Structures are given as structure tokens and as C-alpha cells.
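Q: The listed protein sequences derive, respectively, from chains H and S. Heads up: the first sequence begins at 1488 in the working numbering, then just goes up one per residue. Heads up: the second sequence begins at 45 in the working numbering, then just goes up one per residue.
These are computed hints drawn from the structure, not numbers from a lab. The model shown is predicted, which means the values in this text are computed figures rather than measured ones. Backbone N, C-alpha and C fix where the C-beta goes; we use that ideal spot for every residue, glycine too. The reader is advised that the hints may include incorrect statements.
[Stated by the list, open to error] Derived EDC-like pairs (lysine to aspartate or glutamate); straight-line CA-CA distance at most 16 Å:
| # | chain 1 | residue 1 | chain 2 | residue 2 |
| --- | --- | --- | --- | --- |
| 1 | H | Lys-1558 | H | Glu-1509 |
| 2 | H | Lys-1544 | S | Asp-138 |
| 3 | S | Lys-45 | H | Asp-1546 |
| 4 | H | Lys-1557 | H | Asp-1515 |
| 5 | S | Lys-141 | H | Asp-1588 |
[Said to hold, decoys possible] Derived coverage of chain H by chain S (criterion: at least 3 residues anywhere in the stretch with Cβ under 8 Å from a Cβ of chain S; other residues may be distant):
| # | stretch |
| --- | --- |
| 6 | 1515-1529 |
| 7 | 1583-1595 |
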Amino acid sequence: DVKVTQSSRYLVKRTGEKVFLECVQDMDHENMFWYRQDPGLGLRLIYFSYDVKMKEKGDIPEGYSVSREKKERFSLILESASTNQTSMYLCASSLGARPSDTQYFGPGTRLTVL
Amino acid sequence: KQEVTQIPAALSVPEGENLVLNCSFTDSAIYNLQWFRQDPGKGLTSLLLIQSSQREQTSGRLNASLDKSSGRSTLYIAASQPGDSATYLCAVRDDYKLSFGAGTTVTVRA
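For reference, chain S alone in the conformation it holds in the complex (with noise of 0.2 Å):
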């Protein structure tokens, strides 16, 4: 069965620090990796894929790695904003079905 952990659980930095978030997973054997935002009490926006023939994926001030050997993606977002704060959230797909991590709550202080 695929587990996914995301290290550390919380973050609190100061705006303009930049954010490194970390994924692992038990089984290399995936179709691709999401990483998710969730703001408080709503739904999932999905914000970076990689296939699992790809290493990385970019997207504005986002940049996602994948490393299927190791069982290991890590999310950077450059120059964090306020407007950063959320929970993210990585997910693994084998088949039809994503296994997500618990997420990292990320804190950007003004």
C-alpha cells in the first residue's frame, strides 16, 4: 500500500523567504505526483503535475521536482506572499487512485 508523508507538518516564514516543501512515498511504481493547495474549509486547487517520466514542472513562481528512484518530490515557491498561506497537499497516483499526504500548513508572516 502507497504512503505518502509530507515533512514538516507546519512552516511559518517571513514574506519574501523562499518555501521549500517536502514529499515522500513508499512506491516508485506511480503514474504521476500532484501537488494540491487547500485553503481553510474549502476544496483541493491543483497547482503542479509530474509524470513519471518527468523530473520537474514549473509554473509562475512555483517549481516541482520528482525523484521516482528515491521516492522523493519537493515543491519550492520563490519570494513567498502573504498570499501563500495555505495547506499543500502531494498526492501519488497508481492507476486511477491518488494517495495524499496529511500536507505541510504554510504560514507567510507580513
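Here chain H stands alone, though its shape is the one from the complex (with noise of 0.2 Å):
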């Protein structure tokens, strides 16, 4: 079975810290991805990866920055978290990117920045 975990599942930080949130796939999938889901917004992109120190922008990249240093680890950084970055950040991983090719998730962060 395909594994994804994400280091914290809840997480308060306070504004202007700097943020780490890190995932750990452990079925060598090629594609990593960080979204975050809020109410009425659904899921969201911020950024994703198709091999390692290669980085593309999402949907949402602002105030985000991403770190793919080694094939199963992604990092999402706050460089300097703010109130309106409180939201659940779900980490996914994909095998490839064909059209057979799955998406599988982590079980999620909840971040509250007060």
C-alpha cells in the first residue's frame, strides 16, 4: 500500500514565524503535490514537483515556498506565516503522470496561525 505521511497532524503557530510542513511518500512516485482545503474553497494547488529540485507553481503559490531535496520528501514552507494561511494542508504523491496514474493523500495538517 502506498504511504504518505505528513509530519504533524495539528499544528499553532504564531504570525511572522517561519513555517516548516513536511511529507514522506515511501512508494517512489515521481510527482509530489501540496494543496490546502478550506470551507466553500474546496482543495487548492499551491505547488507540486515531478522530480526532485524541480518545482512548479499551483493555483495559489503566494506566501509559499516549496523545498524537493530527495525523491520522497517534499517540504511546504511559510517563510513568514499569516492569520489567513489557517487552513488544512494535505500533501499528495503520484507514480508518473499518466492517465492510469493515481493521486494518494496524506492524512492532512491543520495549521492555525494566531
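Quick one: dock chain against chain with the hints and give me the complex.
A: Take a look at the structure:
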């Protein structure tokens, strides 16, 4: 079974703090993704990576950066957290870019910025 | 830009009734369409994936159809059970990216 793990289930941070969200997958997947999920807005793509050290902006990259130094790990970084970044953050991975490739999701990190 | 709509937003049915969940999308140039299940406060679990060349997929009590030309997909859940209570999300993929609908929240009453 594919396993996607996220470093924390719940996180509380203060405005202005630097925040790291970590995601690890154990199936040698090429592609990894970060989404945020907000009531009424659904899931929105922040960034994705199709290879080590490669990254592409999604729909809402402002205020975020990412790092992929190793294939199995994809980090989301909030350089200076703000209250409007309070949200559920979901990481996903997929084997490749074929039409048959499913995205597998982690359990999510609920981030609260005070 | 791909827009994905799910109707209805919420549904409540008695146990044993069949469920019909609808998804529509605006751009038919898709790689695939996926249906996911999400339990409260949890991540997403993939239920079915239909490639753009396919018309339907089945898994147990679940059946999903895809009509690319009209931009529609339907998820059928037969003989619903209280354990089917969850939010169901439809997502269409173009290139790398998934575009999600807002979901249909299903309650199955015992």
C-alpha cells in the first residue's frame, strides 16, 4: 500500500513565524503535491514537483515556497506565517504523469496561525 | 481554467437506498477523472479513477461513469450503508494538475 505521511496532524504557530510542513512518501513516486483545503473553496493546488529539485507553481503559490531535496520528501515552507494561512494542508503523491496514475493523499495537517 | 461543479452539496438518505452523485466540468480535454472520499478531519481516499478513454469503472458497490463530450460524471453507490457517510469529491486532471469540486456530503441514516 502507498503511504503518504505528514509530519504533524495539528500545528499552532504565531504570526510571522517560519513554518515547515513535511511530507514523505514510501513508494518511489515521481510527483508530489501540496494543496490547501478551505470550507467553501475546496482543495487548491499550492505547488507541485515532478522530480527532485524541480518545482512548479500551482494556483495559489503566494506566501509559500517548497523544497524537494530527496525524491521521497516534499516540504512546504511558510516564510512568515499569516492568519489567512490558517487551513488544512494536504500532501499527495503519484507514480508519474500517465492518465492511469492516481494521486494518493496524506492525512493532512491542520495549521492554525494566531 | 477548469471549473468542476458537484451537485447536490449535501444528501441525506435512509440506509439501503441507492446514491447518485453528480459532477460536471467545463473543459473536456482531460487525462482522467477521480472520485475521492473524505471523512471529517481526514485526508482523501481514492475510490475510482476513470481514464479519458474509458466510459466507466466499477469497484464493489461503486460505479462511476464518464461522458467527456458533455463534461459529466456520475458516481453510483448501491445499497447505501451508514459507513458510506462522508464527503465525496470529484477531481479532473489535465496534465499534472487536479481540479476539485467542492464535494457532496452524504449522510446515510440507519
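Q: Counting residues of the stretch 1515-1529 of chain H with a beta carbon closer than 8 Å to any beta carbon of chain S, are there 3 or more?
A: holds (count 5)
Q: Would the pair Lys-45 of chain S and Asp-1546 of chain H pass a check requiring their Cα atoms to be no farther apart than 16 Å?
A: holds (10 Å)
Q: Tell me if the straight-line CA distance from Lys-1557 of chain H to Asp-1515 of chain H falls inside 16 Å.
A: holds (10 Å)
Q: Is Lys-1544 of chain H within 16 Å of Asp-138 of chain S, Cα to Cα?
A: Holds: Lys-1544 of chain H and Asp-138 of chain S sit about 15 Å apart, inside 16 Å.
Q: Is the Cα-Cα distance between Lys-141 of chain S and Asp-1588 of chain H 16 Å or less?
A: It holds: about 12 Å lies between the C-alpha atoms, which stays within 16 Å.
Q: Straight-line Cα separation of Lys-1558 of chain H and Glu-1509 of chain H no greater than 16 Å?
A: holds (13 Å)
Q: For the stretch 1583-1595 of chain H, does the count of residues with a C-beta closer than 8 Å to a C-beta of chain S reach 3?
A: With 10 residues in contact (Cβ-Cβ under 8 Å with chain S), the coverage given for the stretch 1583-1595 of chain H holds.
Checked against the numbered hints given earlier, the structure satisfies every one of them.
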